[in-house]
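Turn these sequences into a full structure, and let the hints steer you where they fit.
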Amino acid sequence: MNRHIPFARLHNFRDLGGYTTADGRTVRRSRLYRADSLGKLTPGTQDWDLFLSLGIRTVVDLRYPWEIDAKGRVPEHPSLAYHNQSIEHRPYDQAALPPSVAPGPYLAARYAEVAEDGTKEIRETLRLVAQAAESDTPLVFHCASGKDRTGLVAALVLSLLGVPEQTITDDFTLTERATPLLVADWRANNPDRELMWPAYGTAPVEIMTRFLSDLRSRYGSVQSYVTQNLGLDTTFTAALRATLLEPASPDSSKPGANSTNSACPTAASPPD
1 MNRHIPFARL HNFRDLGGYT TADGRTVRRS RLYRADSLGK LTPGTQDWDL FLSLGIRTVV
61 DLRYPWEIDA KGRVPEHPSL AYHNQSIEHR PYDQAALPPS VAPGPYLAAR YAEVAEDGTK
121 EIRETLRLVA QAAESDTPLV FHCASGKDRT GLVAALVLSL LGVPEQTITD DFTLTERATP
181 LLVADWRANN PDRELMWPAY GTAPVEIMTR FLSDLRSRYG SVQSYVTQNL GLDTTFTAAL
241 RATLLEPASP DSSKPGANST NSACPTAASP PD
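As numbered in the numbering used here, residues 1 to 272 make up the sequence shown, in order.
Hints in this document: simulated from the structure, not taken from any laboratory.
None of the values given here were measured: they were computed from a predicted structure.
No residue lacks a Cβ here, since even glycine has one placed at the ideal position from N, Cα and C.
Be aware that a few hints might be false.
Claimed, not checked - Distance condition first, Cα-Cα at most 30 Å in a straight line; then the derived DSS-like pairs of lysine-lysine: (1) 40 / 71; (2) 120 / 71; (3) 120 / 40.
Stated by the list, open to error - Using C-beta positions, here's what the derived DEER-type ranges look like: (4) 221 / 247: 42 to 52 Å; (5) 180 / 65: 26 to 36 Å; (6) 181 / 233: 36 to 46 Å; (7) 248 / 137: 14 to 24 Å; (8) 23 / 191: 49 to 59 Å; (9) 101 / 23: 13 to 23 Å; (10) 221 / 8: 34 to 44 Å; (11) 84 / 113: 32 to 42 Å; (12) 239 / 44: 30 to 40 Å; (13) 44 / 224: 21 to 31 Å; (14) 83 / 227: 15 to 25 Å.
Spelled out as structure tokens, the structure:
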């Protein structure tokens, strides 16, 4: 099975449900989604009908306001609450980077900047995730390609839920399936520019492993970062787990109950 939702114009729309936590519980399916720009949706199309069929009630747009002005936002609909939380504060142009720039160290450093600069917006994003989970309604968060800003938020949420780091980094790399289409979109939208950086749109695992390692070296853990920098303590995390994880099974605490924990979409995907 494939956790990517098959849209025509959205290439990186994924369900974060189905992953197994370190203590053997499961992230609820069809409750938390990550995506590339929802500004590509158009009312009256099959994509729009598919999007509405997911029952999403909250959209968190992580892009800059100027990106939204240029590329559009999710269409308005009575069922949707839209929130713009621009977590990145230092713009940079990945497409213009020279080929010599290694994506792992470079983007991990950009993620670290976002984690330091965007505390207000990240905190509000996590609160919106918690509110949607408490009300038992689906939420989607997205940026432009659904990789960097979206990947950072996904990593924080999954970490707080107790999903192992290996699973989190594997989830990050699933963007690779969308890379050719994301690159094609960029070329179509920028006919007068040359794509300089060969790593554009790729998601090598080193980016996320470096970012999480940096966060641990600075704060000790993701929870400590969230507590110290975002002001969200373990009570917040406990409530998030209570609402976004399936109830614990009687066997989940037994030795060996969590002997497998793959982020492979064929092993942990929500049903079609």
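- Task: Look at the Cβ atoms of residue 101 and residue 23 and judge whether their distance stays inside 13 to 23 Å.
- Result: Distance hint for residue 101, residue 23 is violated at roughly 39 Å.
- Task: Could you grab the alpha-carbon distance between residue 40 and residue 71 and see if it respects the 30 Å cut-off?
- Result: holds, 8 Å
- Message: Does residue 71 sit within 30 Å of residue 120, going by the straight-line distance between their CA atoms?
- Response: holds, 24 Å
- Task: Just tell me: holds or violated, for the beta carbon distance of residue 83 and residue 227 against 15 to 25 Å?
- Result: holds, 23 Å
- Task: For residue 221 and residue 247, compare the CB-CB distance with the range 42 to 52 Å and indicate the outcome.
- Result: violated, 25 Å
- Item | residue 120 paired with residue 40 [C-alpha distance capped at 30 Å] | holds, 27 Å
- Query: residue 221 and residue 8, beta-carbon distance inside 34 to 44 Å?
  - Reply: Once the Cβ atoms are compared, 40 Å apart, the range 34 to 44 Å for residue 8 and residue 221 holds.
- Message: Range first: 30 to 40 Å. Now tell me if the beta carbons of residue 239 and residue 44 are that far apart.
- Response: Given a distance of about 39 Å, which is inside 30 to 40 Å, the answer is holds.
- That 26 to 36 Å hint for residue 180 and residue 65 (C-beta), does it hold up? holds, 29 Å
- Task: Starting from the range 32 to 42 Å, see whether the pair residue 84 and residue 113 falls in it by beta-carbon distance.
- Result: About 19 Å separates the Cβ atoms of residue 84 and residue 113, which means 32 to 42 Å is violated.
- Task: Go ahead and decide if the range 21 to 31 Å is satisfied by the Cβ distance of residue 44 to residue 224.
- Result: violated, 47 Å
- That 49 to 59 Å hint for residue 23 and residue 191 (C-beta), does it hold up? Taking Cβ atoms as reference, residue 23 and residue 191 lie about 51 Å apart, which means the hint holds.
In summary, the numbered hints that this structure violates are 4, 9, 11 and 13.
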